[in-house]
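J.: Taken in order, these protein sequences are the chains called U and C.
Here the first sequence stands for residues 1 to 173, numbered as in this note's numbering.
Here the second sequence stands for residues 1 to 173, numbered as in this note's numbering.
No lab work stands behind these hints: they were computed from the structure.
One or more hints might be untrue.
Okay, the calculated bits of chain C under chain U, using three or more residues with CB under 8 Å as the criterion [to be verified]:
no., region
1, 50–57
2, 114–122
3, 153–159
A partial selection of chain C residues facing chain U, derived with a Cβ cut-off under 10 Å [what the hints assert, rightly or not]:
no., residue
4, F7
5, A90
6, F136
7, I170
Virtual Cβ for every residue (Gly too), placed ideally from N, Cα, C.
Number of protein chains: 2
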Amino acid sequence: MADTVLFEFLHTEMVAELWAHDPDPGPGVSAGSRGEEVGATTGQKMSLSVLEGMGFRVGQALGERLPRETLAFREELDVLKFLCKDLWVAVFQKQMDSLRTNHQGTYVLQDNSFPLLLPMASGLQYLEEAPKFLAFTCGLLRGALCTLGIESVVTASVAALPVCKFQVVIPKS
Amino acid sequence: MADTVLFEFLHTEMVAELWAHDPDPGPGVSAGSRGEEVGATTGQKMSLSVLEGMGFRVGQALGERLPRETLAFREELDVLKFLCKDLWVAVFQKQMDSLRTNHQGTYVLQDNSFPLLLPMASGLQYLEEAPKFLAFTCGLLRGALCTLGIESVVTASVAALPVCKFQVVIPKS
Numbered sequence: 001m002a003d004t005v006l007f008e009f010l011h012t013e014m015v016a017e018l019w020a021h022d023p024d025p026g027p028g029v030s031a032g033s034r035g036e037e038v039g040a041t042t043g044q045k046m047s048l049s050v051l052e053g054m055g056f057r058v059g060q061a062l063g064e065r066l067p068r069e070t071l072a073f074r075e076e077l078d079v080l081k082f083l084c085k086d087l088w089v090a091v092f093q094k095q096m097d098s099l100r101t102n103h104q105g106t107y108v109l110q111d112n113s114f115p116l117l118l119p120m121a122s123g124l125q126y127l128e129e130a131p132k133f134l135a136f137t138c139g140l141l142r143g144a145l146c147t148l149g150i151e152s153v154v155t156a157s158v159a160a161l162p163v164c165k166f167q168v169v170i171p172k173s
Numbered sequence: 001m002a003d004t005v006l007f008e009f010l011h012t013e014m015v016a017e018l019w020a021h022d023p024d025p026g027p028g029v030s031a032g033s034r035g036e037e038v039g040a041t042t043g044q045k046m047s048l049s050v051l052e053g054m055g056f057r058v059g060q061a062l063g064e065r066l067p068r069e070t071l072a073f074r075e076e077l078d079v080l081k082f083l084c085k086d087l088w089v090a091v092f093q094k095q096m097d098s099l100r101t102n103h104q105g106t107y108v109l110q111d112n113s114f115p116l117l118l119p120m121a122s123g124l125q126y127l128e129e130a131p132k133f134l135a136f137t138c139g140l141l142r143g144a145l146c147t148l149g150i151e152s153v154v155t156a157s158v159a160a161l162p163v164c165k166f167q168v169v170i171p172k173s
């Protein structure tokens, strides 16, 4: 179905457009970047932040639409499981591959073939290009969590394409 | 399904983002604008052109994915019918409501409830906001046509929300 790829095409265009307007196209963002790490130029940081913000608002809106009325979110972990299944399927037509937690508010969500990284060659070749394809999705997770009443910090890292880890940190209040 | 609305959410964010960066936020784009008409500021024209370009590339990519191998495009009109059915369903989960032509290369495609305009109130109230929600789709049509081997000029007009007319002009070569 074309509508499955529509999101991916649009996301690609969005990333390309924001990068085209980068006022200071310096050296590539460092590998394994978490979105705002050193190595990125000011313009690139701004683009990442814009993408993250767009993802956040889309995540918020999606969070309101997903069929969560049947679920009783007794614990934080239930919410994270919901994101790994329902949200991921809604957006990427697949479930997250694994979810781990230290039971102290830190969760690591791993996707072994993250769809937005799949068009790139696997391995290390284009690793430095990865962060710009992750920022939107970090925002998406943060936005969905926000709608579900949880404030969080979401970062992503890639050790080898197309495997991707999203780290969700929920500060204890 | 959330993935149906995903494209719409993302499109909304994209429009908002491009407008936020409009360096010269002057008076609104004139009603019934064709994307590049008078009334738009330079920044707005640039944003419309950027949106149209993004739509074009997404349309090109989609044109390659749609199941057109079963269709024999003997005539231009067949291609336009294909866009009104298959492309529209793939992107908007509905068919175009009508297709008219003067049989001289001009086609008018009418959608009586264009999904990207639906979130806005119906009637005349937000008419001047409409052009920015049409530019991407104009590009989408032009891009899909391009993949199918037809060069075209695509413009859109709105007389009353959420009814929208896309005019496709195919210059005779």
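J.: With reference to the structure, classify each hint as holding or not holding.
T.: Quick rundown of the hints versus the structure:
Counting residues of the region 50–57 of chain C whose beta-carbon sits less than 8 Å from any beta-carbon of chain U gives 3, enough to reach three: the coverage restraint holds. Proximity of the region 114–122 of chain C to chain U, defined as three or more residues with a beta carbon under 8 Å from a beta carbon of that chain, is not established by the 0 residues found. Evaluation of the coverage hint for the region 153–159 of chain C: breached, as 0 residues show C-beta separations to chain U shorter than 8 Å, against a requirement of three. Interface hint at F7/C: satisfied, since its Cβ lies 5 Å from the closest Cβ of chain U, which is below the 10 Å cut-off.
Interface restraint check: A90/C against chain U, minimum CB-CB distance 3 Å, threshold 10 Å, status holds. The criterion of a C-beta within 10 Å of any C-beta in chain U is met by F136/C, whose closest approach is roughly 9 Å, and the hint holds. For I170/C, the interface hint is violated, since its Cβ never comes within 10 Å of a Cβ in chain U; the closest pair sits about 23 Å apart.
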